[in-house]
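Trainee: Here the protein sequences come in this chain order: A and B.
Numbering-wise (our numbering), the first sequence opens with residue 362 and increments by one.
Numbering-wise (our numbering), the second sequence opens with residue 13 and increments by one.
Incorrect hints may appear among the rest.
[Said to hold, decoys possible] Chain B side only, calculated, beta carbon under 7 angstroms to chain A, not exhaustive: (1) Val30; (2) Trp59; (3) Ala69; (4) Asn71; (5) Tyr107; (6) Tyr116; (7) Ile117; (8) Lys118; (9) Asp120; (10) Trp122; (11) Gly125.
Hints listed in this document are in silico derivations from the structure and should not be mistaken for laboratory results.
Values in this document were obtained by computation on a predicted structure and should not be read as measured data.
Even for Gly, the Cβ is constructed at its ideal location relative to N, Cα and C.
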Amino acid sequence: DIQLTQSPSSLSASVGDRVTITCQASEDITNYLNWYLQKPGKAPKLLIYDASNLEAGVPSRFSGSGSETDFTFTISSLQPEDFATYYCQHYDNLFQVTFGGGTKVEIK
Amino acid sequence: QVQLVQSGAEVKKPGASVKVSCKASGYSFTAYYLHWVRQAPGQGLEWMGRINPNSGATNYAQKFQGRVTLTRDTSISTAYMELSGLRSDDTAVYYCAREFSLAYIKLDSWGQGTLVTVSS
Chain A
362 DIQLTQSPSS LSASVGDRVT ITCQASEDIT NYLNWYLQKP GKAPKLLIYD ASNLEAGVPS
422 RFSGSGSETD FTFTISSLQP EDFATYYCQH YDNLFQVTFG GGTKVEIK
Chain B
13 QVQLVQSGAE VKKPGASVKV SCKASGYSFT AYYLHWVRQA PGQGLEWMGR INPNSGATNY
73 AQKFQGRVTL TRDTSISTAY MELSGLRSDD TAVYYCAREF SLAYIKLDSW GQGTLVTVSS
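Kindly produce the complete structure, drawing on both the sequences and the hints.
Mentor: If you want it as C-alpha cells, here you go:
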C-alpha cells in the first residue's frame, strides 16, 4: 500500500505569510495527488487536483506542484479564512484511496 | 448545484450495526462513483470504500472488508453505508463524497457528515 507522509504535522503562521506543506509518497504516484482543506466541524473541500490544477472557484493564492514521490502545497499569502487542516490524497489503480496525516495551520 | 445530504447522527451500542444514507441531487446519480470516508475525533481522514451507483460494484479498504457494505437505491438517488460489529473506535464522523474522473480522479463534492457514536 502507498503511504503519504505530510510535513509538518502542524505549523504556526501569520496573515500574509507564505506557507508550504509537503507530501511524500512511498512510491512513484506520477501526479495523482490532490489537496483538501478542512475546517473544524466541516467536510473537506477540494483545492488542488492532479498535483497542480486549481479546482474551480478556489483562490489563486493556493497552488500545488510536484511529481513522482515529492509534492508541495503552497499558500502564497495566508488569509484569516485559511487557518484549517490540509490533507493530501492519492487514488491508485487498485481503486484504493489514501490520505496523508494532515497539516494543521494555526495562527501565530 | 451538486448536493450530497446525509442522514442524521446515530448512537449505537457495541456490536450493533449502523446504516448511513447519502442522498444526491443536482447531477446524474448513476454517472459518478460515491466514496465513504470517516474521521475519528481529533484524527485524520480514513477511506472506507466506494460504490458505482450504476452497477452497484464496490471496492473496499482492506481494513473494512467484511464489516462494511455499500449499497444504493437509484430510484431515490441515495447511497448507503452499513457498518457492522460496531466498536468504540468506530465512533467517528462518516462522509460520503462524489468522485469526478477524467484523466485524473478527485473527490469534488462532499456530504455534511454523519456522527456515529458507539457507546454502551
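Trainee: Give a verdict on every hint.
Mentor: Results for each hint:
1. Val30: violated (19 angstroms)
2. Trp59: holds (4 angstroms)
3. Ala69: Check failed: Cβ of B:Ala69 comes no nearer than 10 angstroms to chain A, outside 7 angstroms.
4. Asn71: holds (4 angstroms)
5. Tyr107: Holds, because the Cβ-Cβ distance from B:Tyr107 to chain A comes to roughly 6 angstroms (cut-off 7 angstroms).
6. Tyr116: holds (4 angstroms)
7. Ile117: holds (5 angstroms)
8. Lys118: holds (4 angstroms)
9. Asp120: holds (5 angstroms)
10. Trp122: OK, holds: B:Trp122 within 7 angstroms of chain A, min 4 angstroms.
11. Gly125: Cβ of B:Gly125 sits 6 angstroms from chain A, so the hint holds.
The structure shown violates the earlier hints numbered 1 and 3.
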